[in-house]
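Q: Chain residues, written in single-letter form:
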Amino acid sequence: MKIDYQSIGLKVGLEIHRQLDTRCKLFCECPTEFVDGGREIRFVRWLREAQSELGEVDPAAIFEARKRRKIVYHADTLNTCLVEMDEEPPHDLNREAVEVGLVTALLMNAKPVDEIHVMRKIVIDGSNTTGFQRTCVIALGGEIIVDGKKIPIQTITIEEDAARIIERKPHEIHYDLRRLGIPLIEISTAPVINSPREAYRVAYAIGRLLRATGKVKRGIGTVRQDLNISIRDGALIEIKGVQELDLLPKVVELEVIRQLHLLKIRDELKKRGVTEQMISEEPIKDVTEIFKKTRSRILRRKIDSGGRVLALRLRKFGGLLGLEAAPGIRLGAEFAGRARAWSEVEGIFHTDELPGYGITEAEVRRLKDFMEAGELDAVIIVADEKSKAEDALQRVKERAIEALRGVPSETRAARSDGTTIYLRPRPGAARMYPETDIPPYPISREYLEELKRRLPPTLDEVAESLSRKYGLSKQIANELIDLEKVELFERIVSETGVKPRVAASILAEHMKSLKREGFNVELVGDSDLFEISKLIAGGEIAKEAAPEIIKWLSKNPGKSVRDALDALNLRPVDMSEVEKKIDELIKRYKSMIEENPRKASSVIMGELMKIYRGRIDGGKLYQMVRERIHGQGGGS
Amino acid sequence: MAVGDRLQGYSGRVREILKESGVEIGDEIEVEVRDETYRGILMARYELADPNYIVIKLPNGYNVGIRVEGEVKVKRIASAKKPRFIPPPKPKFKEGLPKVTIMSTGGTIASRIDYRTGGVRPALTAEDLLSIVPELSNIAEIDAKILFSIFSEDMTPELWNRMAIEVDRLIKDGVDGVIIAHGTDTMGYSAAALSFALQKPPIPIVFVGAQRSSDRPSSDAATNLIAATRVAGHAPFAEVCVVMHAWHSDDLLAVHRGTRVRKLHTSSRDAFRSVNSPPIAYVKDGKIKLNSENLNKRGSREYRFEPGFSSKAALVKFYPGMDADILEFLVEKGVRGIVLEGTGLGHVSTRIIPTIKKLHDDGIFFGMTSQCIFGRVNMRVYDTGRDLLKAGVIALDDMLPETAYVKLSWCLARARNLEEVEELMLKPIAGELGERSMPSMEVKLE
Ligand SMILES: [Zn+2]
Numbered sequence: 001m002k003i004d005y006q007s008i009g010l011k012v013g014l015e016i017h018r019q020l021d022t023r024c025k026l027f028c029e030c031p032t033e034f035v036d037g038g039r040e041i042r043f044v045r046w047l048r049e050a051q052s053e054l055g056e057v058d059p060a061a062i063f064e065a066r067k068r069r070k071i072v073y074h075a076d077t078l079n080t081c082l083v084e085m086d087e088e089p090p091h092d093l094n095r096e097a098v099e100v101g102l103v104t105a106l107l108m109n110a111k112p113v114d115e116i117h118v119m120r121k122i123v124i125d126g127s128n129t130t131g132f133q134r135t136c137v138i139a140l141g142g143e144i145i146v147d148g149k150k151i152p153i154q155t156i157t158i159e160e161d162a163a164r165i166i167e168r169k170p171h172e173i174h175y176d177l178r179r180l181g182i183p184l185i186e187i188s189t190a191p192v193i194n195s196p197r198e199a200y201r202v203a204y205a206i207g208r209l210l211r212a213t214g215k216v217k218r219g220i221g222t223v224r225q226d227l228n229i230s231i232r233d234g235a236l237i238e239i240k241g242v243q244e245l246d247l248l249p250k251v252v253e254l255e256v257i258r259q260l261h262l263l264k265i266r267d268e269l270k271k272r273g274v275t276e277q278m279i280s281e282e283p284i285k286d287v288t289e290i291f292k293k294t295r296s297r298i299l300r301r302k303i304d305s306g307g308r309v310l311a312l313r314l315r316k317f318g319g320l321l322g323l324e325a326a327p328g329i330r331l332g333a334e335f336a337g338r339a340r341a342w343s344e345v346e347g348i349f350h351t352d353e354l355p356g357y358g359i360t361e362a363e364v365r366r367l368k369d370f371m372e373a374g375e376l377d378a379v380i381i382v383a384d385e386k387s388k389a390e391d392a393l394q395r396v397k398e399r400a401i402e403a404l405r406g407v408p409s410e411t412r413a414a415r416s417d418g419t420t421i422y423l424r425p426r427p428g429a430a431r432m433y434p435e436t437d438i439p440p441y442p443i444s445r446e447y448l449e450e451l452k453r454r455l456p457p458t459l460d461e462v463a464e465s466l467s468r469k470y471g472l473s474k475q476i477a478n479e480l481i482d483l484e485k486v487e488l489f490e491r492i493v494s495e496t497g498v499k500p501r502v503a504a505s506i507l508a509e510h511m512k513s514l515k516r517e518g519f520n521v522e523l524v525g526d527s528d529l530f531e532i533s534k535l536i537a538g539g540e541i542a543k544e545a546a547p548e549i550i551k552w553l554s555k556n557p558g559k560s561v562r563d564a565l566d567a568l569n570l571r572p573v574d575m576s577e578v579e580k581k582i583d584e585l586i587k588r589y590k591s592m593i594e595e596n597p598r599k600a601s602s603v604i605m606g607e608l609m610k611i612y613r614g615r616i617d618g619g620k621l622y623q624m625v626r627e628r629i630h631g632q633g634g635g636s
Numbered sequence: 001m002a003v004g005d006r007l008q009g010y011s012g013r014v015r016e017i018l019k020e021s022g023v024e025i026g027d028e029i030e031v032e033v034r035d036e037t038y039r040g041i042l043m044a045r046y047e048l049a050d051p052n053y054i055v056i057k058l059p060n061g062y063n064v065g066i067r068v069e070g071e072v073k074v075k076r077i078a079s080a081k082k083p084r085f086i087p088p089p090k091p092k093f094k095e096g097l098p099k100v101t102i103m104s105t106g107g108t109i110a111s112r113i114d115y116r117t118g119g120v121r122p123a124l125t126a127e128d129l130l131s132i133v134p135e136l137s138n139i140a141e142i143d144a145k146i147l148f149s150i151f152s153e154d155m156t157p158e159l160w161n162r163m164a165i166e167v168d169r170l171i172k173d174g175v176d177g178v179i180i181a182h183g184t185d186t187m188g189y190s191a192a193a194l195s196f197a198l199q200k201p202p203i204p205i206v207f208v209g210a211q212r213s214s215d216r217p218s219s220d221a222a223t224n225l226i227a228a229t230r231v232a233g234h235a236p237f238a239e240v241c242v243v244m245h246a247w248h249s250d251d252l253l254a255v256h257r258g259t260r261v262r263k264l265h266t267s268s269r270d271a272f273r274s275v276n277s278p279p280i281a282y283v284k285d286g287k288i289k290l291n292s293e294n295l296n297k298r299g300s301r302e303y304r305f306e307p308g309f310s311s312k313a314a315l316v317k318f319y320p321g322m323d324a325d326i327l328e329f330l331v332e333k334g335v336r337g338i339v340l341e342g343t344g345l346g347h348v349s350t351r352i353i354p355t356i357k358k359l360h361d362d363g364i365f366f367g368m369t370s371q372c373i374f375g376r377v378n379m380r381v382y383d384t385g386r387d388l389l390k391a392g393v394i395a396l397d398d399m400l401p402e403t404a405y406v407k408l409s410w411c412l413a414r415a416r417n418l419e420e421v422e423e424l425m426l427k428p429i430a431g432e433l434g435e436r437s438m439p440s441m442e443v444k445l446e
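Chains A and B are the protein sequences, given in the same order.
For the first sequence, counting from 1, position 572 maps to 572 in this note's numbering; every step adds exactly one.
For the second sequence, counting from 1, position 139 maps to 139 in this note's numbering; every step adds exactly one.
The hints are simulated quantities; they were obtained by calculation from the structure and are not laboratory data.
Don't take each hint at face value.
[Claimed, not checked] Here are the computed lysine to any residue pairs in the SDA-like style, where the Cα-Cα straight-line distance is at most 20 Å:
(1) B/K317 with B/Y303
(2) A/K587 with A/M605
(3) A/K397 with A/L568
(4) A/K70 with B/K287
(5) A/K70 with B/R212
(6) A/K70 with B/S249
(7) B/K317 with B/S349
(8) B/K81 with A/G428
(9) A/K111 with B/K284
(10) A/K581 with A/Q623
(11) B/K358 with B/E419
(12) B/K289 with B/Y303
(13) A/K111 with B/R67
(14) A/K271 with A/G221
(15) B/K94 with B/S137
(16) A/K70 with B/Y303
(17) A/K111 with B/E69
(18) A/K285 with A/E238
(19) A/K121 with B/R121
(20) B/K289 with B/W247
(21) B/K99 with B/I146
(22) A/K240 with B/I353
(23) B/K284 with A/E172
(24) A/K271 with A/L376
(25) B/K263 with A/L82
(26) B/K284 with A/I41
(27) A/K620 with A/E540
(28) A/K70 with B/W247
(29) B/K357 with B/Y382
(30) B/K357 with B/R380
(31) A/K111 with B/K357
(32) B/K427 with B/S249
(33) A/K121 with B/E419
(34) A/K70 with B/K284
(35) B/K263 with A/P89
Computed from a predicted structure; not experimentally measured.
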């Protein structure tokens, strides 16, 4: 679908979270790098939020409170101490982390606060043992320029990373505490991004800026991007937890498609004359009898374990539930997402997708008859414990009413394919109060001046100086930076004497294009690349051989470059043998040489390259051929 | 914290500026300083921090400190909104539940937060308490009372006495259990005190506290209170006891005998441990599991109310290099009995033994406990111990030093002479003395 993002009024704001590569965690001395071999203890906790004095009702808090469950923490003693277990007050705010935050702020022209105050932000899903996340604003304001456009930065905060979910059961949730307390920096932009591509560009620019500090972690799980997305007539949707940068444009695009789809359905429902009352007065009916002998596995399982099948008719919703705007984007999926999140039911189906899932046509017919559903009506069924199923269908009703109004504002979670699922209602004003265990942390003007004096170069500046120093193109210099190969590149050039351009093309171009072709180039180590460059510098192999060696190594992990040379028959050749071969070819093409020496030498080169490609430098071989031809000619 | 101070924590020039601008904590204000304008809610200032800052809560909920230097303008945008919390209706008690009174002595076992200012307000009435911990209404019919509002480190023998008198009154009123919510620092002392003052009571008297304050979602207050209510209302035994976490986990709570319990960790939930004796019971999954046989039964008819604590007792920890003058000084100040916390089996430097002997001859009580905490004193093994016995020091067996101090305070309030004190100190009264010593568990290495 081609979407004109400008005309639909797309506005996207980003929140980029990134783990810091500090020596210890934000509020204790546990390492931020996982250490293996510790002893694990497990303990149980319950969380309950102290009531708010204002007596306000926060929908997100109610959502969590409903799901109050037993929390089981797994604490590895090499990576967690009493602080992560909430058995000891936090230690002082990690200076190293604060400094990364301040450096980032200065690089973005943001204004560091005079005094940092650590806050407690209530989070009672168990991901923090305390029931709150400790977080603090480091700086306000600031901006970055992306493709010539000014992107305002709203806040730069430092906070503690949460525990990682290991397992989720209906009444019990397990968390690993090792990640809890690793410092995270969070950069939030103003909602000024107007296209999926721009979301990517801004996230990329922020990522590069953070990397310039030299203190951020790399790799899976170290970056998390949250977005808020809205379109005109749509709603503000928060999307949590996009891990891959490359996925950002797709998430934005799919969210726009989802909102447009919901708006289209709203219009269609209006046209069909559906009213709120028509939905709210529908009764929920027990239809277990109809499915008594069902072959549907999920219904069978639920009925056998004492559950019931309940049904809800939605008049004039027929056909709209299964209508798909993009894979996974259907009103039916919205209903199911809502019911699953609130009521934790599994078996939920609607008539647009039936017969199917083992439910037969006859069953569907009896269901529709029983529910008095006409051609244009839809029926939703849920199989579960009676109270859960009832609750789930109530949620479906609420969601169906919202469909009449368009797009409900909510928090959604990103999945790895770029689609999203309902997570919870959007929270009210953040429930935050001061972390009284940590004193305020003043930032002196002198300290800021000192940081300004030793500000690291931005990656653009690094690229500039690389290209100047080594005569590289800007593009290849940037690629070396993005692939984190700058250090290796400089070491190879200075220690092997290989030409900078050759080294750069091995480290950046070849690695990148081979990766795109599907080779596992991650398996080729820095020492292998160093070795290859050294062989090229010494004239032992031709630079053309590099990609072949890298390919072979990526398919043969654990093997050495020497093994690759043997396997690929790239051992240095005996020059007298080459001379013999040239003479042989000159003899064979003697007449051609006399007629057209130019053409003859290129034919001979072709033959030679078939044998020696990668083993002798092409230029050198050509030189030899020319010399031998001239030599022969002179002698006859 | 100065209650009612509308510029709490602010001092010096900043306080003047705020005062002149007519703003107070909770007001929405605008601060102009160094060409920057900040807008937010004025927050209280942390007293120990640099006074030259104004703290505001930004619209996004975060607090930041603004350094006040040069010209500063503060303007009020809107007045503070007063919290307008309406407590939910009091839950209905089920018929036939035991009556339990919760007495608070300070600290907060349940509280509400004003997210606007970060203020924490304790739940003081039964209604308040039940609205915050509604589970209690399924366990017992709750009544709530405020006895004191003090830090537990400010507790005194005089206050133990008032606490005991109050509990005695509740017993006579016919309640089925009493809970005393207490700061954890000196909870062990108070539990020991009530063990001596309320002997063989007809109902459980349960001390409970929290190692994590009740404004935190992870507070142990509610779990501890729920278990304490279960013990107070339903336990088959009627002991003065402490109910707290048995370990880091929220699902196992231990019931400790009031004379045998000691706080052994500064911050962890399982700080309270029974020493030289196992916990008398555990609470798991809402059930009480007995762990001891010698328990005073609920409904005991042998109840004796023995109030009275003297402030003339002292607890002195011996340390290498200690000067005997310290003991003389205490006696000069009116102390009539000293519990020594000696080394190992119960020793102090031979240099101070003559002073002890002299003071004992003058009628001062000396009892020996061990700073090892675990194990019993035995002063017949080494010369020093024998010399101390000869000097008149009484070996207090396996009594905890703190319990011995509390008991001494209680004995001094009722014994007529030194001999009676010495006799009473060795007479088992509330499970404080002489259980079998049990081995510790074997360490297993893989
Ligand atoms: Zn730690």
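Q: Now tell me, hint by hint, if it's right for this structure.
A: Checked hints:
At roughly 34 Å between alpha-carbon atoms, B/K317 and B/Y303 are farther apart than 20 Å, so this suggested pair is violated. Note on A/K587 and A/M605: the hinted pairing holds, with a Cα-Cα distance of about 14 Å set against a maximum of 20 Å. For the hint pairing A/K397 with A/L568, the CA-to-CA distance comes to about 67 Å; that exceeds 20 Å, so the pair is violated. Of the pairs offered as hints, the one joining A/K70 and B/K287 holds, with about 17 Å between alpha carbons and a cut-off of 20 Å not exceeded.
A hinted pair counts as satisfied when its Cα atoms are at most 20 Å apart, and A/K70 with B/R212 qualifies at roughly 19 Å. For the hint linking A/K70 to B/S249, the alpha-carbon distance of about 11 Å falls within 20 Å, and the restraint holds. For the proposed pair B/K317 and B/S349, the alpha carbon gap of about 12 Å is at most 20 Å, so the pair holds. Between B/K81 and A/G428 the alpha-carbon distance is near 18 Å, which keeps this suggested pair within the 20 Å criterion.
Restraint check for A/K111 and B/K284: the C-alpha separation of about 53 Å exceeds 20 Å, so the hint is violated. Using a Cα cut-off of 20 Å, the hinted pair A/K581 and A/Q623 holds, with the two alpha carbons roughly 14 Å apart. Between B/K358 and B/E419 the alpha-carbon distance is near 16 Å, which keeps this suggested pair within the 20 Å criterion. For the given pair, B/K289 sits about 24 Å from B/Y303 by alpha-carbon distance, which is inconsistent with the 20 Å threshold.
For the proposed pair A/K111 and B/R67, the alpha carbon gap of about 13 Å is at most 20 Å, so the pair holds. Straight-line distance between C-alpha atoms of A/K271 and A/G221 comes to about 46 Å, which puts the hinted pair past the 20 Å bound. Between the alpha carbons of B/K94 and B/S137 the distance comes to roughly 7 Å, so the proposed pair stays at or under 20 Å and holds. With a CA separation close to 41 Å, the supplied pair A/K70 and B/Y303 exceeds the 20 Å bound.
In summary, the hint linking A/K111 to B/E69 is supported, as the alpha carbons are separated by about 17 Å, within the 20 Å threshold. Distance hint between A/K285 and A/E238 is unfulfilled; the C-alpha atoms sit about 35 Å from each other, more than 20 Å. Only pairs whose Cα atoms come within 20 Å are accepted, and A/K121 paired with B/R121 is accepted, the gap being roughly 18 Å. About 16 Å separates the Cα atoms of B/K289 and B/W247, which keeps this hinted pair within 20 Å; it holds.
The suggested pairing of B/K99 with B/I146 holds, with an alpha-carbon distance near 17 Å, which does not exceed 20 Å. Our distance criterion of 20 Å between C-alpha atoms is broken by A/K240 and B/I353, whose separation comes to about 72 Å. For a cut-off of 20 Å, the pair hint linking B/K284 to A/E172 stands: about 17 Å separates their Cα positions. Our distance criterion of 20 Å between C-alpha atoms is met by A/K271 and A/L376, whose separation comes to about 13 Å.
Between the alpha carbons of B/K263 and A/L82 the distance comes to roughly 17 Å, so the proposed pair stays at or under 20 Å and holds. Taken as a hint, the B/K284 and A/I41 pair is honoured in the structure, with Cα atoms around 19 Å apart against an allowance of 20 Å. Simply put, A/K620 and A/E540 have alpha-carbon atoms about 12 Å apart, close enough for the 20 Å limit, and the pair holds. As the CA atoms of A/K70 and B/W247 are separated by approximately 16 Å, the hinted pair is consistent with the 20 Å bound.
Of the supplied pair hints, the one linking B/K357 and B/Y382 holds, its CA atoms being roughly 18 Å apart against a limit of 20 Å. Distance hint between B/K357 and B/R380 is fulfilled; the C-alpha atoms sit about 17 Å from each other, no more than 20 Å. For the suggested pair A/K111 and B/K357, the alpha carbons sit about 71 Å apart, so the restraint of at most 20 Å is broken. Only pairs whose Cα atoms come within 20 Å are accepted, and B/K427 paired with B/S249 is rejected, the gap being roughly 37 Å.
A C-alpha spacing of about 61 Å is found between A/K121 and B/E419, which places the hinted pair above 20 Å, so the restraint is violated. Proximity of A/K70 to B/K284 is assessed by CA-CA distance (about 14 Å); at most 20 Å being required, the pair is judged to hold. For a cut-off of 20 Å, the pair hint linking B/K263 to A/P89 stands: about 17 Å separates their Cα positions.
Hint check: violations occur at hints 1, 3, 9, 12, 14, 16, 18, 22, 31, 32 and 33; the rest are consistent with the structure.
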